[in-house]
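A.B. asks: Heads up: the protein sequence lines correspond to chains A and B, in order. Each residue of the first sequence is one higher than the one before, counting from 591 in our numbering. Each residue of the second sequence is one higher than the one before, counting from 4 in our numbering.
Possibly wrong hints are sitting among the right ones.
So the derived list for chain A, only partly shown, Cβ under 7 Å to chain B, looks like this [claimed, not checked]:
(1) 628
(2) 673
(3) 676
(4) 677
(5) 680
(6) 691
(7) 693
(8) 701
(9) 704
Read the hints as simulated data drawn from the structure, not as lab findings. Ideal Cβ placement from N, Cα and C applies to all residues, glycine included.
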Amino acid sequence: DTEVTQTPKHLVMGMTNKKSLKCEQHMGHRAMYWYKQKAKKPPELMFVYSYEKLSINESVPSRFSPECPNSSLLNLHLHALQPEDSALYLCASSQDPRRRNEKLFFGSGTQLSVL
Amino acid sequence: DQQVKQNSPSLSVQEGRISILNCDYTNSMFDYFLWYKKYPAEGPTFLISISSIKDKNEDGRFTVFLNKSAKHLSLHIVPSQPGDSAVYFCAAKVGNEKLTFGTGTRLTIIP
């Protein structure tokens with residue numbers, strides 16, 4: 591199994607809603623990532639979990655709340671989002687965050703629209 | 004400050020010919036470089052990588068060249084196929100720090 595699985599694929603939410611994005615990998619990877627990608631822009635790093643602990647938060651607003659329940663799962667809880675938060679949200683994983691020369695495996699993403 | 008730049012937003016190549024995608028970087032500490040391919044509404048897919056101790060890495064139709072003195076890398080695809088039409092991102096990192104992505108180049112293969 592070399593997949594990173596993200597659900598849902600599409601999500602439309604209002605600014606007062608609370609929703610969660612889910613990500614799962616069964617490759618035994620110990621680092622998991624959330625990225626945000628706007629159209630025609632490169633992916634932007636949001637959060638990194640290393641061995642299930644939050645190791646990087648790229649100054650992301652608190653309306654985005656990550657959670658890593660175990661080594662295979664990563665969630666992103668969304669609350670009171672703004673229309674400008676509409677984007678493709680990508681989850682990724684890598685084998686060992688301590689190693690150099692690590693490549694990231696990405697999921698297909700959740701296309702989020704905030705109305 | 005864009006540390007990794009792909010100066011060509013788009014490139015069109017005839018099927019069967021060579022596609023050359025370019026990437027420039029400013030951080031001389033980068034020691035690992037990767038190319039990703041991305042279809043619309045999908046996540047990036049890893050293509051090929053190269054360590055800074057090498058100047059070339061080849062995998063099937065894909066070859067990456069690294070010129071450290073010029074802070075430049077390129078991806079060669081030969082022969083180009085219609086399925087290669089996608090957006091290509093180069094990315095770079097220092098050690099085990101985060102990946103820095105370029106702005107992407109949209110490659111279109113003309114049948």
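A.B. asks: Less than 7 Å between beta-carbons is the criterion; does residue 701 (chain A) satisfy it with respect to chain B?
C.D. replies: Cβ of residue 701 (chain A) sits 6 Å from chain B, so the hint holds.
A.B. asks: Is the hint on residue 673 (chain A) kept, meaning its closest Cβ partner in chain B is under 7 Å away?
C.D. replies: 19 Å, violated
A.B. asks: Quick one, is the residue 704 (chain A) hint okay against chain B at 7 Å, beta carbons?
C.D. replies: Status violated, d = 17 Å.
A.B. asks: Checking hints one by one. Is residue 680 (chain A) an interface residue toward chain B, by the C-beta closer than 7 Å rule?
C.D. replies: 5 Å, holds
A.B. asks: Given residue 677 (chain A) as an interface hint, is its Cβ closer than 7 Å to any Cβ of chain B?
C.D. replies: 12 Å, violated
A.B. asks: Holds or violated: is the Cβ of residue 693 (chain A) closer than 7 Å to a Cβ in chain B?
C.D. replies: Hint on residue 693 (chain A): holds, closest Cβ of chain B at ~5 Å, below 7 Å.
A.B. asks: Holds or violated: is the Cβ of residue 691 (chain A) closer than 7 Å to a Cβ in chain B?
C.D. replies: With a minimum Cβ separation of about 5 Å from chain B (threshold 7 Å), the hint on residue 691 (chain A) holds.
A.B. asks: Per the CB criterion, is residue 676 (chain A) less than 7 Å away from chain B?
C.D. replies: At about 13 Å, which exceeds the 7 Å cut-off, the nearest Cβ of chain B leaves the hint on residue 676 (chain A) violated.
A.B. asks: At a threshold of 7 Å, is the proposed contact between residue 628 (chain A) and chain B supported by beta-carbon distances?
C.D. replies: At 12 Å from the nearest chain B Cβ, residue 628 (chain A) fails the 7 Å test, so the hint is violated.
In this structure, the earlier hints numbered 1, 2, 3, 4, 9 are contradicted, and the remaining ones agree with it.
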